[in-house]
Every structure is written in structure tokens, then in C-alpha cells.
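Put chains Y, X and A on the given structure of chain H with help from the hints.
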Amino acid sequence: MIIGLIILLLKIAAVLVFISLTVLFLVYAERKVSAHFQVRYGPMRVGWHGGLQMIADTIKLLLKEDITPKDVDKLVFFIAPILCFVSAYLAYLTLPFSPQIVVKNLNIGLLYILGVTSLTVLSLMMAGWASNNKYALLGGFRSVAQIISYEIPLVLSVLPVVMMAGSLNLITIVEAQKSLPFILVQPLGFLLYLTAAAAEANRAPFDIPEAEQELVAGYNVEYSGIKFSMFFLAEYVNMFTICALAAILFLGGWQGPILPPVIWFLIKVYLLVFVLMWVRWTFPRLRIDQLMSFCWKILLPLALANFLISGLWLVLK
Amino acid sequence: MVVLIPFLPALAFTILIFFGFILKEKAPWLAIAALGGSFFLSLQTAFKLFPTGREINISYPWFSFAALSFHVDILSGWMLLLVSGVGLLIVIYSVGYMKGDPRFARFFAYLSLFCAAMLGLVLSDNLLLMYIFWELVGLCSYFLIGFWFEKPAAAAAAKKAFIFTRAGDIGFFLGILLLFLSVGSFEFKTIFAAAPALLPGLLTASTLLLFCGAVGKSAQFPLYVWLPDAMEGPTPVSALIHAATMVTAGVYMIARLFPLFELAPLTLNVVGYVGIGTAIMAGLIAVTQNDIKKILAYSTISQLGFMMLGLGAHSPHAGVFHLLSHGFFKALLFLGAGSIIHALHSNELADMGGLVKAMPVTSLTFIVGTLALSGMPPFAGFFSKDEILMAAYQRLPIGFWLALPAVFLTSFYMFRLCFKVFPGEVKGHPHESPLVMTAPLIILAILACGFGFFNPFGGAAEEEAGKLFVLFASLGTAFLGIFSAWLLYGIKIISLARYKQTLLYKFVAAKYYLDEFYIWFVGGLVALISRLLAIFDQRIIDGLVNLAGLVTQGFSALNRLFDIYIVDGCVNLAGWVLGFSGEKLRRLQTGYVQNYLLFIVIGIVIIWIIKFGL
Amino acid sequence: MEIIVLSLILFGIGLFGALTRKNAIAILMAIELMLNAVNLNLAYFSHNLSNISGQVFVLFIIAAAAAEAVIGLAIIINLYREFHKIDVEEITLLKW
Amino acid sequence: MIFYFLAVTLILSAILVVTLKNIFHCALFLIVAILAIAGLYFHLQAPFLGVVQLIIYIGAIMVLILFAIMLTSRISDRLLQTASRQSIPALLAVIVFILLALKSLDKTPLPAHIGKNFDPILDLGRALMTAYVLPFEVVSLLLLVALVGAIALARKD
Numbered sequence: 001m002i003i004g005l006i007i008l009l010l011k012i013a014a015v016l017v018f019i020s021l022t023v024l025f026l027v028y029a030e031r032k033v034s035a036h037f038q039v040r041y042g043p044m045r046v047g048w049h050g051g052l053q054m055i056a057d058t059i060k061l062l063l064k065e066d067i068t069p070k071d072v073d074k075l076v077f078f079i080a081p082i083l084c085f086v087s088a089y090l091a092y093l094t095l096p097f098s099p100q101i102v103v104k105n106l107n108i109g110l111l112y113i114l115g116v117t118s119l120t121v122l123s124l125m126m127a128g129w130a131s132n133n134k135y136a137l138l139g140g141f142r143s144v145a146q147i148i149s150y151e152i153p154l155v156l157s158v159l160p161v162v163m164m165a166g167s168l169n170l171i172t173i174v175e176a177q178k179s180l181p182f183i184l185v186q187p188l189g190f191l192l193y194l195t196a197a198a199a200e201a202n203r204a205p206f207d208i209p210e211a212e213q214e215l216v217a218g219y220n221v222e223y224s225g226i227k228f229s230m231f232f233l234a235e236y237v238n239m240f241t242i243c244a245l246a247a248i249l250f251l252g253g254w255q256g257p258i259l260p261p262v263i264w265f266l267i268k269v270y271l272l273v274f275v276l277m278w279v280r281w282t283f284p285r286l287r288i289d290q291l292m293s294f295c296w297k298i299l300l301p302l303a304l305a306n307f308l309i310s311g312l313w314l315v316l317k
Numbered sequence: 001m002v003v004l005i006p007f008l009p010a011l012a013f014t015i016l017i018f019f020g021f022i023l024k025e026k027a028p029w030l031a032i033a034a035l036g037g038s039f040f041l042s043l044q045t046a047f048k049l050f051p052t053g054r055e056i057n058i059s060y061p062w063f064s065f066a067a068l069s070f071h072v073d074i075l076s077g078w079m080l081l082l083v084s085g086v087g088l089l090i091v092i093y094s095v096g097y098m099k100g101d102p103r104f105a106r107f108f109a110y111l112s113l114f115c116a117a118m119l120g121l122v123l124s125d126n127l128l129l130m131y132i133f134w135e136l137v138g139l140c141s142y143f144l145i146g147f148w149f150e151k152p153a154a155a156a157a158a159k160k161a162f163i164f165t166r167a168g169d170i171g172f173f174l175g176i177l178l179l180f181l182s183v184g185s186f187e188f189k190t191i192f193a194a195a196p197a198l199l200p201g202l203l204t205a206s207t208l209l210l211f212c213g214a215v216g217k218s219a220q221f222p223l224y225v226w227l228p229d230a231m232e233g234p235t236p237v238s239a240l241i242h243a244a245t246m247v248t249a250g251v252y253m254i255a256r257l258f259p260l261f262e263l264a265p266l267t268l269n270v271v272g273y274v275g276i277g278t279a280i281m282a283g284l285i286a287v288t289q290n291d292i293k294k295i296l297a298y299s300t301i302s303q304l305g306f307m308m309l310g311l312g313a314h315s316p317h318a319g320v321f322h323l324l325s326h327g328f329f330k331a332l333l334f335l336g337a338g339s340i341i342h343a344l345h346s347n348e349l350a351d352m353g354g355l356v357k358a359m360p361v362t363s364l365t366f367i368v369g370t371l372a373l374s375g376m377p378p379f380a381g382f383f384s385k386d387e388i389l390m391a392a393y394q395r396l397p398i399g400f401w402l403a404l405p406a407v408f409l410t411s412f413y414m415f416r417l418c419f420k421v422f423p424g425e426v427k428g429h430p431h432e433s434p435l436v437m438t439a440p441l442i443i444l445a446i447l448a449c450g451f452g453f454f455n456p457f458g459g460a461a462e463e464e465a466g467k468l469f470v471l472f473a474s475l476g477t478a479f480l481g482i483f484s485a486w487l488l489y490g491i492k493i494i495s496l497a498r499y500k501q502t503l504l505y506k507f508v509a510a511k512y513y514l515d516e517f518y519i520w521f522v523g524g525l526v527a528l529i530s531r532l533l534a535i536f537d538q539r540i541i542d543g544l545v546n547l548a549g550l551v552t553q554g555f556s557a558l559n560r561l562f563d564i565y566i567v568d569g570c571v572n573l574a575g576w577v578l579g580f581s582g583e584k585l586r587r588l589q590t591g592y593v594q595n596y597l598l599f600i601v602i603g604i605v606i607i608w609i610i611k612f613g614l
Numbered sequence: 001m002e003i004i005v006l007s008l009i010l011f012g013i014g015l016f017g018a019l020t021r022k023n024a025i026a027i028l029m030a031i032e033l034m035l036n037a038v039n040l041n042l043a044y045f046s047h048n049l050s051n052i053s054g055q056v057f058v059l060f061i062i063a064a065a066a067a068e069a070v071i072g073l074a075i076i077i078n079l080y081r082e083f084h085k086i087d088v089e090e091i092t093l094l095k096w
Numbered sequence: 001m002i003f004y005f006l007a008v009t010l011i012l013s014a015i016l017v018v019t020l021k022n023i024f025h026c027a028l029f030l031i032v033a034i035l036a037i038a039g040l041y042f043h044l045q046a047p048f049l050g051v052v053q054l055i056i057y058i059g060a061i062m063v064l065i066l067f068a069i070m071l072t073s074r075i076s077d078r079l080l081q082t083a084s085r086q087s088i089p090a091l092l093a094v095i096v097f098i099l100l101a102l103k104s105l106d107k108t109p110l111p112a113h114i115g116k117n118f119d120p121i122l123d124l125g126r127a128l129m130t131a132y133v134l135p136f137e138v139v140s141l142l143l144l145v146a147l148v149g150a151i152a153l154a155r156k157d
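Chains as they are written, first to last, in this note's numbering: chain H, 1 to 317; chain Y, 1 to 614; chain X, 1 to 96; chain A, 1 to 157.
Same shape as in the complex, but just chain H (with noise of 0.2 Å):
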């Protein structure tokens, strides 16, 4: 009982390391991808090619004074930051990287992950209203807006895989795409679920609640220091959580030949966080209207049809 526990304990601190490093690294590759993308060099000065970049910016960050404005909400002012640090890393508790590398494999692990990162949404709200500032307000609208918005054609994206894997067992679905992976029965649905979940992490194009010019830099806008790193960090979380679904749901998961599995998990996890990089600093962002109108008129019919389709052809074959 006491050794499983600390077994648990420890296999979650190994994941909550493991995760904090690679979002220091995703950091750093997105500095260096969109340099490039736009024909530059990025972070050069600190290490190799700018490699300690993100450790002097984040001691930097840690050493800041934080600041609490006046009037702010203090107590919901300081648990938002950490409730959205929490929720993201919550999803890894049961995001399997290989068949023995998984913290708790649950029965109903993509429910459980689909769950927390709703919470990411409570955060959010908390952030933008605690800040007595209206940019922070409208900016905890617009996100909350659209994270519930486009969380239906995300669930309904992923529905097909369950139905096609008769399980919600992370484990199951992965060992289901044995001899072909998902993504070859389920295009339409693959690039649903990416669309969709790229808006749930507010990346680009879809980071309204955020964008810079408009409002500043939405719910954020008050915070500094270690509280608003932690709503950086949780940004680069979630879009590592949600590139490593896509993977297990579409791409096979860990499995591959000649490499060990976690190897083959990371490759296709980085490389659809490569393609989000890419699409982040390639296209425009798109205004509030056009992606609300995007959500609820092309993408929740296209998922409907996905979902209605897979279905039929799943009772008639």
C-alpha cells in the first residue's frame, strides 16, 4: 500500500520533470522555428545557438518581483495561474508514452483527459475576472468562448476512434491500431481533432484571447513574474498534451518498427508540434466572429457527418 503509493508518487514526479523539460525545449524550438520562418536566427547569445535560452529567461522570470495590482480579487488572482498549471498537467496521469511508461492506466483515460482539460477553461475565466481589468475580462470571454465552443466537434472528432476501438482505455485504442493506424480510416477526423484541439490551446491561428494587438494580452494582461509563467508554461503543456492524443489516437501511439516505443511516441509527438509551430507563424489569426462562425458551421457539420459516417459504416460492416 505505502510502496505503491510512493511508486505513484515517484512515477508522477518523473512525468511532471519530464514534461517541465520538454516545455522548456518547445519554448526554445519555437523561438528558433519562427525565427526561421521568418529568416532569421533567434536566440543566438546564451550556450550554442541560443541552447540556454530558456533557462536564463526562466530565472529570469523567477527572480521578477511579483506584482499584485490593487483591486484585484487577491485570493482567485493567485489560484488561477496555478489551478491552469494543474489542470495541464493532470492530463498526464494517464497519457500512456509507451505500454509500461504510464502513471495510472484508467478504463476511461481519454473521458479522464477530456474532463481536466475542461478545468483549463474554470482558470481561465478566474484570471480574467479576478484582474479587475476589462482587456482581462474580454480576453476570459473570448477563450472561454471559444474553448467551449470547440470542444463539441474535438469530442465528436475523437468519437470514431472510440467506437472503432470499443474502449476509452489509451492502451486499448493504441494496441487497436496494431496493424493500421487511425489516421489512414479516419483522415477527415485526424484533421477535425487537430483543427479543434489547436483552437482549445489557443495557438495560432486561433489564439484570439490573446492576440497582442486587440487586447493587449487578454487574460494575462495583469499578471508577471512566476504567476504568468506558469500561464506560459501551461500553454506549452497543453499543446505538448495535445499533439501526444493525436498521436495515440491517430498515429499508432508508440508503435513502430526497429526503435523502442517511447522513442517512436516522441518522434510523432514533436513532429505534430512541429506542424502546429508551422502553422502557427504561417497563417493569419483569424477575428471572433469568423472563428466562431468556423466552429459552429464548418467544423461541427463536418464532425457530425465524420461521426454519422464512421458509425453506418462501423454497424453495416
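These aren't lab readings, by the way, just hints derived from the structure by calculation. Honestly, I wouldn't trust all of these hints.
With a straight-line Cα cutoff of 35 Å, these simulated DSBU-like cross-link-like pairs (lysine-lysine) come out [stated by the list, open to error]: (1) K99(Y) / K357(Y); (2) K21(A) / K64(H); (3) K134(H) / K21(A).
Showing chains Y, X and A alone in chain H's frame:
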């Protein structure tokens, strides 16, 4: 199958009355289709029926004392053909005549209902059903005569037609009741079977009452005054009323109930004399009229008189034969008149002339109709009229001798009309009517020519005695009529101007002052009765009322004291108690839902304690 | 057993809130507490009797609660537009 | 152990929900209470319910409530009045209610845990699609109607 015959137009009516505003210009096609269907079914029935003489009976249970029973024999079979055939032609004709009317679709709805009612009347096999359709026919005539109700004259004519036929219908209804009371059934067969056993007086009374209905509907003296006024309706309606529906209902009814009438010779005599009297009177009026439709209307009354004569002379077949042939050529004449009116926009003879050049088809067919009406051989009228005269000569000699002047008058007024309208200079700018109007004319003209050759009942050849005499007498008087018309109006040898000043002419031209008589008599009678009633009212009823008032006053004075001190006292007390307690209790109604919720919770707790204890 | 007591207390707290709060949204939240208490009970019985029906009912109640929240909040937003406040004691159209 | 932790959290946060003066904080503690209940569902071997509780209550209902709060009040608004005129009778009524219920609970024989386990998701899905398929459809219709009704109500016209 047979039931469908009246049902189809009724269905058309239902659809048209509710959806006519959608169909608009297409509305007549529905009516035409429905009536065409009825006509086709009638034909089919006729072909099944006539060779064998088999009768068709259909009966659905309805009330405990009357069934929805229908009956087709040779008589009703021919009537079906007449009503649906002529009705169909008239509806087709109306498409042209009513073009552009604001209530176009409704007109066809009414026409369909009219035909449906008449078909139902023809088919019905018991008195109750017949009475229902009888009244429906009357109702439709009201709608159609008053179709242009914006014209005060049309509205008045519609009311007049309705009220006068209603006067007759009272008799009809009483007759039906009398028969039902004495026989206990509405079914024709039962009544016929039971009739010989009835008291002769009862029989005479009930048949006379039934005849009252026929007098009203078939426009006999003294109730014929509505028919000329009915000319205010659209001409196709006149044609329908005169030729196929409405007025024929009375004749048909007597023919249908003939086994009953046969047992009451007195009634039959009355029928015959009323008929021939009407024929002469209406013929005389027709001579004095100058409105083309009025002339035709009086001629209809006159011809109906002939039919009544035929019935009175114990020959229902002759009467109905004349009814059928008259139906064809009178429809023809009316539609022709309608065509002329449509072209000239006038009813007055003075506005017409030389039409034979301007409207050849209308004129020729009209002349065919005239010849048929005058009883010229080979046209239909000759055969049917001859049959009536034959019957009258044998069984009602006085009627026969009176009929000869009527025959003379018939050909006289018809040719007066023709000589005034067709030859001579063209007046106005007449033009031939469209095909949709002339086609029915041509068909009817052919029927008017040929119909006489096949006598539907084939009963003429029974007795040859006096046949030649009758033939020559009627032909002779008819030719005399034509000849005098030619003298007076054709070549105008004799001027009539000074006769127009005579008292007799004025009397006839004023239609015997019958309308005035009605106004004077009915109006005066009503005034007299009401004056008497007023006196009764003022002296006796008012006196009683006043007395009662006085007594009540005294009593209420007593009551008042009781009221003020005792009743009011109680009421005020109750009101005060309620007001006081309400004042206190209204604090419970705070308007806060939460308060109510709290009361609910407390209530639950209390009930819980009461039920289960603490 | 403990869970029934717990859900009873939770229900009581929710009832107390529904009886005393004045803000319409706060009342709605108290009602959500009561619904959750009921759900808890049902889930407990489902577990104790090994009968899945309890969980089915919980699902239905959650769905009904969602519908109720949606409609309730729409009404509250409308009230706010009309009166610029959502204090049930100040919106007294039911009062005599 | 875990149960008592969850129970205490639940009771405390529930009390805070109905007594706090800041309505936004009330909503946050309601979220805590709902999370505790989700935990209790996991404890009662109904993980599906727990996750549904997360997704629907927190992801949908609480978001809606927070939305409504944000639309109808400001941080700078005066705080909620807590002392209602009827708080004392209400408290009494509720306490009597709870006591009565406890008393009748005492009298009611509760069946002991049978211990037969079932697959929470498979059985649930089967029950929803067989015995409860009609209520299931009705509930979906209810949700649709509520959706349409809410749009009709909240629409600016």
C-alpha cells in the same frame, strides 16, 4: 355508384367554397369535371336501366324513422340526365359568361351545390330526404339569384324568391307531416302501399298541401311572382332555374308521388286547372313584356302550367316529357338570350334588331328554340305538348279547350320576340359570343330538334281517338299565333298603339296587379293583426303587468326594510370580518418565492411529524 | 451509511442556501448543491445494491440539471437586462 | 480515509457556498464541492459518473454560472447580503428536517454492500441502450428543448 352522382358536385362545392380563392381562374374546371362525372355516371346508369326497366334502390340507415334511401327508375333516370347534362352545359357556358367576375370561383361553387341538391332531390326515395334537398335547392336559388347582391334589385329578388317558395314549402312540410302522422313512414313505397287505405279527405288534404309546395317551387298561380324577378340573377342561373333545376322540382315531385295523387281526383283537377290558368295568365303577360328575359320567364311559367295540366290530366309521363323537352329548349333559349345580352349589355327588346346578321349562331339556335317552344313539328316541343293536349282532351276536356288559347299565346309571344329581335336593321355593335358559349347552344339546339323523336315513356300510342283532331287543333292555333305575330310585328300591317291604352292591356301589363295585391293584402293583413294585437297588449297584458308591478312594489318596500337592517347587516359583518382577516393574512403573501419555499419546507416538516411522530 | 448522512447534510446546506440567498445565481448554485446531494445518494445505492439503475438516474439528473441551469441562467440574464439587478427580494412582481 | 477527507472538504465548501458574501467565491467553492463529489463517485466505483461530473458540471454548468456572474456583477459591486430576514427560521426548519431524516434513516434497514462488482461503463452503456432507451431519448429531447429555449430567452431582439 348512383350515390356518387350528387356527391361529386357536392364535393366540388366543398372544395371550391374553401379553396376557390386559390383556384381562381381554374375553378370552373373543377365544377365541370364534377358535373361531367355526374353526367357520365347518369349516362351509365341510364344505359343500365332503360333497356331492362330495372330499378335501383340504395338505402343506408340514418334515423330510426328515415333512411338515406335513393331510388332510380326511368323517371328519375331521365331527370338525372336532364339535370346533369343541362347543368354541365350551363356550367361550361358560364365560363364565358362570368369571365372577370370578382366572385368567379364562388359562382361555380354555388352552381355545383345547386346541381348537387337537385340531383339529390331527384334521387331521394323518401319524403324527408326529398324535403331536405328541396330546401337546399331553395337556398341555392337564394344565393344565385342574389349573386350580384350589390344590386338592390338582385338582393330583393333573392329574398322574394326565397320567401315565396317558402310560403309554398310550409304547405309541403305540413303535407309531409300529415302523411307521416297517418302512415308512419317517409318512404315512398310504404306511403303508396298504405295510401288506398287512408280516408279520402285526409288524402285530398295532404296532396293539396304537397301541391302547395309545387305551386311555390314551380311558380304556379298565385305564387309565380318571384320567378320573373329572379331574372336579376346572372343569365346562366336563370337558365339553370328554368330549365333543369328548381322549377322542375315541383313537377317532378308530383310525378314522383303520382300514385298518391291519383287517389285524390279533386287534387288532380285543382292541379290541372291551376296549371292551365297559370299558362294563360302568364302567356298574356308575356305578350306585354319588353324585356327578353322577362318574356322567357313568363313563358316558363306558362309552360310549367302546361306540365301541370298534363299532370292534372292523369298523365305524369306527358308532364315529365314536356318537362324534359322544355328543359332542353328553355335552357337553349336562356343561354341564347344570355349570349345576346352579353353582346349588347341590354335586356330591352327596343335595343335589339338585325341580330341574325350579327350573331348567326346565336340567332339560329334561338330560332330553333322558339320553334320548339311553339310546338312546331319536328321539334321537341311539338311532341311533348301534343302529348299533354292529347291527355287533356281525353281526361280534362275543359282544360283542353282552355289550352288552345295558351298554345296560341305561346307561339304569338315567342314570334313577337323573334320578329323584333332578329330581322331588320342592326342596332348597337353586337358580336358573336365565344365558342365556350356557343358550343352549349349548338348542343342544346340539336337536342331540342331531336329529343322529341324518342319519347322516353313511350305511352302515347294507347288511344288513337281524336289524335288527329288534337294535332290539327294545336298546330292550327300555333300557326295562327305565328301568323298574327308576323302581321303585327313582322310586316307591321296592323298597329297596336291604340290597344295599349285599353284597360285590359294595362291590367295585363301590370301583371294583374298581383304584386300590388300581395303588398296590399299581406301588408294590410299584417297591419290589421298587429293593430289588434297592440290593443290586446296595451289593455290586457300591460294591465296585468302594471298590476304585478304594483304588487311587487309594495312587497319590495317591505323587503327593503328587511334588506337594510338584517341582510345588509349580515353582509357587512361578513365583509368586515373578511376584510379584517384579509388585512392580517395578506402579510403571508409576501411575493418572495423564498418565503413560500420556506413555508413548503415547514409544511413538509409538520406533515412528517404528524405522520411519523417525533 | 456515512454517505447518506453526508448527502443529507449537503441537501440541508443547499436548502438553507436556497431559502436565504437573495442573489438569483446564488440560489441557483444552492439548488445545484441539492441536486448533487440527491445524485450522491443515488450513486451510493447503485454501489450498495450493485444495480446500475442508480447511475443511469444520476446521468439523467445531471442532464436535467444542465437543462435547468441553462434555462435558469437565460432567465436571470433577461431579468438583469430588465431590472439591472438580480436580487430576488427586489424583483417582487409576485407581491400583493 | 480518503472518504473522510472528501466529506469534510465537501461540507466545508458547501457551507461556504451558501454563506460567502462574494458570489464569485461562492461559485469557486461550488466547484470545489463538485470536485469533491466527483472524487466520491470515484470512491463509489463509479468513475464514469465522476468524469461526467467533471465534464458537465465543471466544463459546462459552472462555466455557464461563472459567465452569468461575470455578466451580472462586477468586482467592485457591493457584496451580497447574507443575513436574510428568514435565515433563522430557515436554519431551524432545515435542522429539524435533517434531524427527522436522520431519525427515519435510523429506523430504515439498509442493505449491506453486496460486493458484486460490475463493469461501470459497459453495464451503464447497456442499460442506457436497452432498459432506459426511452428516458434517454426523452432526456436528449429535453436538452434540445432547453437549448432552444435558452437561445430564445437570451436573444436580444
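Status of each hint after checking the structure:
1. K99(Y) / K357(Y): holds (25 Å)
2. K21(A) / K64(H): The given pair, whose Cα atoms are some 34 Å apart, holds under the 35 Å limit.
3. K134(H) / K21(A): This hinted pair holds, its Cα atoms lying about 23 Å apart.
Every hint, counting from the list given before, is met by this structure.
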